[in-house]
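The sequence shown maps to residues 1 to 278 in full-length UniProt numbering.
Please note: incorrect hints may appear among the correct ones.
Straight-line alpha carbon distances no greater than 25 Å define the calculated PhoX-like cross-link-like pairs of lysine-lysine that follow [said to hold, decoys possible]:
#  : residue 1 : residue 2
1  : K24       : K170
2  : K63       : K16
3  : K7        : K18
4  : K263      : K164
5  : K170      : K63
6  : K24       : K263
7  : K263      : K170
8  : K264      : K275
9  : K263      : K275
10 : K7        : K63
Keep in mind the hints are simulated off the structure, nothing from the lab.
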Amino acid sequence: MNQVYEKLQKCYESVKSKIDFQPKAALILGSGLGDYAEGIQVEATLNYSDIEGFPVSTVPGHKGRFIFGYVETVPVVIMQGRVHYYEGYDMSDVVLPTRLMRMLGAEVLFLTNASGGINYNYQAGDFMLIRDHILNFVPSPLIGPNIDELGTRFPDMSDVYDYKLRRIIKQTALEQNIPLQEGVYIQLTGPNFETPSEVRMCRILGADAVGMSTACEAVAANHMGMKICGISCVSNQAADAAKQPLTHEEVQEMADRKAPMFKKLITSSIVNIAKEIL
1 MNQVYEKLQK
11 CYESVKSKID
21 FQPKAALILG
31 SGLGDYAEGI
41 QVEATLNYSD
51 IEGFPVSTVP
61 GHKGRFIFGY
71 VETVPVVIMQ
81 GRVHYYEGYD
91 MSDVVLPTRL
101 MRMLGAEVLF
111 LTNASGGINY
121 NYQAGDFMLI
131 RDHILNFVPS
141 PLIGPNIDEL
151 GTRFPDMSDV
161 YDYKLRRIIK
171 QTALEQNIPL
181 QEGVYIQLTG
191 PNFETPSEVR
201 MCRILGADAV
211 GMSTACEAVA
221 ANHMGMKICG
231 ISCVSNQAAD
241 AAKQPLTHEE
251 VQEMADRKAP
261 MFKKLITSSI
271 VNIAKEIL
């Protein structure tokens with residue numbers, strides 16, 4: 001058996017032996033949203049460290065556990081803290097949680113993150129609905145022998161961030177009077193922030209926001225046939241437009257400040273997605 005798939009299966013069996021819950025949607029919480037899961041109807045929690053072979057997040061502010069419960073009436077599994085490529089894990093470990101949530105039953109993946117604003121029209125604190133992504137600077141999670149049990153060798157990528165989900169989220173933001181940009185997210189490796197020249201490169205390539213996560217998870221989920229959507233909180237302007245050196249604390253502070261509105265948008269979007277899709 002493929003070693004990556006064997007490890008995934010062991011994690012799945014470990015979770016199923018502890019948790020009896022089938023989610024319809026999966027949510028990965030980025031910076032500033034760590035406590036969102038505590039505001040839902042929680043049915044069970046499971047620390048990553050209690051899952052055999054599961055990678056554990058080392059980033060400050062990422063709690064490192066799954067929350068199982070309901071967003072209103074929608075059964076969800078929520079990642080409180082993700083694993084990043086820059087932490088030193090193999091890419092197969094970075095996307096293992098995403099694959100696991102699909103195996104547990106989730107049909108929709110809702111991705112969130114904090115990002116740097118590449119687009120000159122973006123301001124710190126803006127929300128950006130992800131329309132598409134650029135992943136060329138980070139290894140694809142599909143490199144290596146294809147795991148046929150998960151998906152096809154050459155998956156189509158023309159509509160990774162599902163058009164119908166984006167339409168629902170845009171309508172939800174309009175109803176909630178929440179301003180929402182829409183653009184392209186580029187994932188770089190991190191953990192360093194980008195240089196001004198790298199920011200200009202990203203802008204030339206067509207990126208509107210830059211970060212260190214998300215796109216690789218979307219590729220893995222797309223490979224498994226999930227419907228995907230994502231919203232990025234633009235926590236700072238990128239290096240060539242920033243007026244001061246960038247810090248993780250600045251990113252966290254802006255993400256925390258925008259969290260209440262972000263949570264409102266996420267909850268309403270999940271409910272509306274469930275009405276039309278799930």
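query = If you draw a straight line from the CA of K24 to the CA of K170, is it 25 Å or shorter?
reply = holds, 21 Å
query = Hey, K263 versus K275, does the alpha-carbon distance stay inside 25 Å?
reply = holds, 19 Å
query = Are the Cα positions of K63 and K16 separated by 25 Å at most?
reply = holds, 21 Å
query = Is the straight-line distance between the alpha-carbon of K263 and that of K170 25 Å or less?
reply = holds, 15 Å
inquiry  = Need the status of pair K264, K275: alpha-carbon distance at most 25 Å?
reply    = Holds, at roughly 17 Å.
message = Can you confirm whether the C-alpha distance between K24 and K263 stays at or below 25 Å?
response = With a Cα-Cα distance of about 19 Å, the restraint between K24 and K263 holds, given a limit of 25 Å.
request  = Would you check the hint for K170 and K63, treating anything up to 25 Å between C-alpha atoms as holding?
outcome  = At roughly 29 Å apart (the allowed maximum being 25 Å), K63 and K170 break the hint.
task = Would you mind confirming whether the straight-line C-alpha gap from K263 to K164 stays at or under 25 Å?
result = Satisfied, since the Cα-Cα distance of roughly 21 Å is no more than 25 Å.
request  = Verify the proposed pairing of K7 with K18, using a straight-line Cα cut of 25 Å.
outcome  = Roughly 17 Å separates the two Cα atoms, so the pair holds.
task = Could you grab the alpha-carbon distance between K7 and K63 and see if it respects the 25 Å cut-off?
result = Distance of about 22 Å is within 25 Å: holds.
The structure shown violates just one earlier hint, number 5.
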